[in-house]
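Participant: Keeping their order, the protein sequence lines are chains A and B.
All residue numbers in the first sequence are consecutive under the numbering used here, ending with 226.
All residue numbers in the second sequence are consecutive under the numbering used here, ending with 226.
Where hints are given, some of them may not hold.
When chains are identical, the list treats them as one kind, so a pair holds in a single copy or across two.
[Said to hold, decoys possible] Each computed DSSO-like pair below joins lysine-lysine, with the alpha-carbon atoms no more than 30 Å apart:
1. K74 to K210
2. K97 to K78
3. K45 to K25
4. K148 to K101
In case anyone wonders, no lab produced these hints; they're calculated from the structure.
2 protein chains.
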Amino acid sequence: MNTLAEENYLKAIYKLSLTARNVSTNQIAAELATKASSVTDMVRKLADKALVNYARYQGVSLTKTGEKVALNIVRRHRLWEHFLVEKLHFKWHEVHEMAEEMEHISSTELINRLDAFMGYPTRDPHGDPIPDCDGNIKASALKPISIVKANTSGVISGVGDHTTSFLQYLEQQKLTIGKRVTIKEIIGYDNTVILEMDNKQLQISREVANNILIAI
Amino acid sequence: MNTLAEENYLKAIYKLSLTARNVSTNQIAAELATKASSVTDMVRKLADKALVNYARYQGVSLTKTGEKVALNIVRRHRLWEHFLVEKLHFKWHEVHEMAEEMEHISSTELINRLDAFMGYPTRDPHGDPIPDCDGNIKASALKPISIVKANTSGVISGVGDHTTSFLQYLEQQKLTIGKRVTIKEIIGYDNTVILEMDNKQLQISREVANNILIAI
DNA sequence: TTATTTTTTTAGACTTGCCTAAAATTATAA
DNA sequence: TTATAATTTTAGGCAAGTCTAAAAAAATAA
Chain A
11 MNTLAEENYL KAIYKLSLTA RNVSTNQIAA ELATKASSVT DMVRKLADKA LVNYARYQGV
71 SLTKTGEKVA LNIVRRHRLW EHFLVEKLHF KWHEVHEMAE EMEHISSTEL INRLDAFMGY
131 PTRDPHGDPI PDCDGNIKAS ALKPISIVKA NTSGVISGVG DHTTSFLQYL EQQKLTIGKR
191 VTIKEIIGYD NTVILEMDNK QLQISREVAN NILIAI
Chain B
11 MNTLAEENYL KAIYKLSLTA RNVSTNQIAA ELATKASSVT DMVRKLADKA LVNYARYQGV
71 SLTKTGEKVA LNIVRRHRLW EHFLVEKLHF KWHEVHEMAE EMEHISSTEL INRLDAFMGY
131 PTRDPHGDPI PDCDGNIKAS ALKPISIVKA NTSGVISGVG DHTTSFLQYL EQQKLTIGKR
191 VTIKEIIGYD NTVILEMDNK QLQISREVAN NILIAI
């Protein structure tokens, strides 16, 4: 079994791997709010356990085994988030920190039964896909609003930023999962995006548009 | 907040306090499968945090604050056990280890919502009372079979030993929570107890009789 | 291409929680 | 009451995971 710290590193490396082939020491340090020297130590340890590929100064990638472990953590995290929202009626922006703790509950049987209890959901409350018990995960196929063309329309299905402040902003603007939006225009000057939703127009910044994912 | 190790110590001290005024270092060491010297270290730390009363060579007791923390851990443990049995359909002897991990999930709001979701249960699957959100707990008022008089009858409502092997034995003998039993005779020679249940007789050892609690 | 900056690693130290072995204290027995 | 046994504490050490400061390597700029 892996320690809590090891699990957190694997999850961070998995997340960063989605947008980079080889993950750098500094990226991991930033993601985990720790120092680069600590990352070097831990990455060595994970390499010894054959969970990551690592060569000095060359960055890190997950091995097959490491990816499997990471996907399992992601599965647990997202299933618990789903439980918290669907059964305990938390808001989608309230569940991340709780799930950070719950994802480390180790029993596989428990998580499989939770999966069944929830009716084998395929996405968590933020629209992210939930890996199945074999670690298969649906490729997201979601695009940030910032990169789609004007006059396309889609359903909000995920976010790229899970911080409470961002989710609360979305909540307040009613930009929630499942809402259909149409991208009307992207202003050249600062990349502000003009959206239509519920027959009303609203503007969002490039930053926000980057972190709202839609299924077209 | 308290560390995982601290929480486990508080829980152990709480448990041992039910049958002893001052808990000894060795008792705690045995309960947690650790060494006496480790216990001394941790007990000092808990005393510094005002969670236990401690004087060298004099044993340990929980302070009001310490007891509140301990009861909260017990509450979390028992509510999760209830959830695992009622919603995820685990057997009563399968849930202890999982709940040992789940009891450390820290959110109070989470546990209160779980409580509501389960319908405010008052006892866990082993018959132990669940403290409410203010730390009030129903005095057990349960007696081990070994100490009741012949020809009394009662309902199995708790166990004094939560090990898998013991619970499996009970399961196999159908000595489960809610079953009504009548104590027919206690053999003087070795304190073997003769029970009647479902109109059949069965014998249990003094050891087992000590660990089955009935409400009369 | 060399100099400077940035990134990464190494070295050494700290905290938590545990250990063993020895010393101190308390309990028990002769 | 004194000797022996058991319990508890102290002393010193170890592993995990973190940190700071300095050295090494790589990337970038002049």
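Participant: Which hints from the list above does the structure break, by number from lowest to highest?
Facilitator: As far as the earlier hints go, only 1 is violated by this structure.
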